[in-house]
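Chains as they are written, first to last, in the working numbering: chain A, 203 to 374; chain B, 31 to 287.
Bear in mind the hints are in silico, worked out from the structure with no lab data behind them.
Using N, Cα and C, we set each Cβ at its ideal position, and we do this for glycine too.
Keep in mind that the hints are not guaranteed to be accurate.
Selected chain B positions facing chain A (in silico; Cβ < 8 Å) [as the list claims (entries may be wrong)]:
1) 36
2) 39
3) 40
Below, simulated SDA-like cross-link-like pairs (lysine to any residue); rule was C-alpha separation at most 20 Å, straight line [said to hold, decoys possible]:
4) A/204 <-> B/104
5) B/282 <-> B/186
6) A/204 <-> B/70
7) B/185 <-> B/235
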Amino acid sequence: MKDMLVQVEPLIPALRRYARALVRDRSAADDLVQDCLERAVSRWHQRRDGSVRAWLFTILHNLAVSQFRQTIARGRHMPIDDAGEQELVSAAAQEQRLIYQDVLSKLAKLPEEQRAVLLLVAVEDLSYADAAAVLNVPIGTVMSRLSRARERLQQEMDSVAPGNVVALRSLK
Amino acid sequence: MNQRPITEDDLHAYVDQVLEPERRAEVASYLDHHPDVAGRVAAFATQREQLRGALASIADEPLPAELNLLHIIEGRKRRPRWAWGMIAAMLLLGLGGLGGWTTRSLLQDGSNGLSSLAQEAAYSYSVFAPDRVRPVEIKASNSAELTQWVSNRLKQPIKVPDLSASGYRLMGGRLVPTSRGPAAMFMYDDDRGDRLVVLTRPMSNPNLATPMMPQSTGDVAGLVWAEGGMGYTLVGQLPGDVLKPIANEIRKQARPI
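Work out the full structure: start from the sequences and follow the hints.
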């Protein structure tokens, strides 16, 4: 049990971040993480060798996906445009904050599978192999989704209103 | 020296900073000579920085109590699900040696029909509890009508158990068909949306009385007992030690005053 505590506890903040970026609702995301941790505790001895990080993200990702499916089956759309962006950024300065809100609302327009791969690789620093394991797809699929995600996000960012272009350029 | 061609994968790996130093240098020199590609790569790198920046603060927030791993580990120790599962498996499979055989004989159909009742409750639970549109036919707001209907059909006065002291509100109920005619099904939920089902019907032996037994079908667990010829069962997706006190409450309330 101590072994588990030492290996799992430091990863909880990253799990929260991934869940929240994926479902965009603080309490729903934390519920997912809680489910994930409960499963991890009960299945700790069943995990295979390999990265604990990838194993935890796999559990979390599968929970999130099955929740998406349930939500779709219920005929209710995920709150994308109205899910409080303020919750996602709190400490950032105002201009930075606008840029951050902008990138997150554009990320939200990506299909779920592209969003997931971009978050796992670019934000959570999973290796391509670990991301492939989490998503249960070949590495080639990870690479093509990553490529499509980045192109698509760039298209979204390029099509912003003129005022925001200035803000984006000033960052570069 | 012939250099391997630069691939799209290399460009992404460059953005994600996972290339070996040697390859990284090759990609960098390629980008120096291809400004259009370099522009795309720079844009991807900007995206990456913005996403990381936008989400960084979430990982800095203090963890809420529900995500305290120690609490989760300790919570599991208090609720040994495996013990509950073992008892249920023993009863279902009849593999429990002498103890298992004795309890199994109590539960077997032909002896008293309690295992049928438990199974019927599990089926009702799996059909109606996940139903978001109409889990019950008569809602709690019409509980007088519900009580009268099920009492008429079961040909005896049925009391709807009040589980509010355990944190469960009556949602309503319905009649369900069973191997011995109609049974009254009542459904409850708590603030988290966890649902419980109580099923009751007359048993073939009008004087049957048994102690409370654990029962489970798939991931639906429950308790079943009989008193005064009526069979009762409480089922839900909760550990046995959470269900037990609720079942005790139902048994107490069902007794004639």
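We went through each hint and held it up to the structure:
For the restraint placing residue 36 of chain B at the interface with chain A, the shortest Cβ-Cβ distance is roughly 14 Å, beyond the 8 Å limit, so the hint is violated. Of the supplied interface hints, the one on residue 39 of chain B holds, with its beta-carbon coming within about 5 Å of a beta-carbon of chain A, less than 8 Å. For residue 40 of chain B, the suggested interface contact is broken, since its CB lies about 10 Å from the closest CB of chain A, more than 8 Å. Restraint check for residue 204 of chain A and residue 104 of chain B: satisfied, since their Cα atoms lie roughly 12 Å apart, inside the 20 Å limit.
A C-alpha spacing of about 18 Å is found between residue 282 of chain B and residue 186 of chain B, which places the hinted pair at or below 20 Å, so the restraint holds. With a C-alpha separation of about 46 Å, the suggested pairing of residue 204 of chain A with residue 70 of chain B is violated against the 20 Å cut-off. This hinted pair checks out: residue 185 of chain B and residue 235 of chain B have alpha carbons roughly 15 Å apart, not beyond 20 Å.
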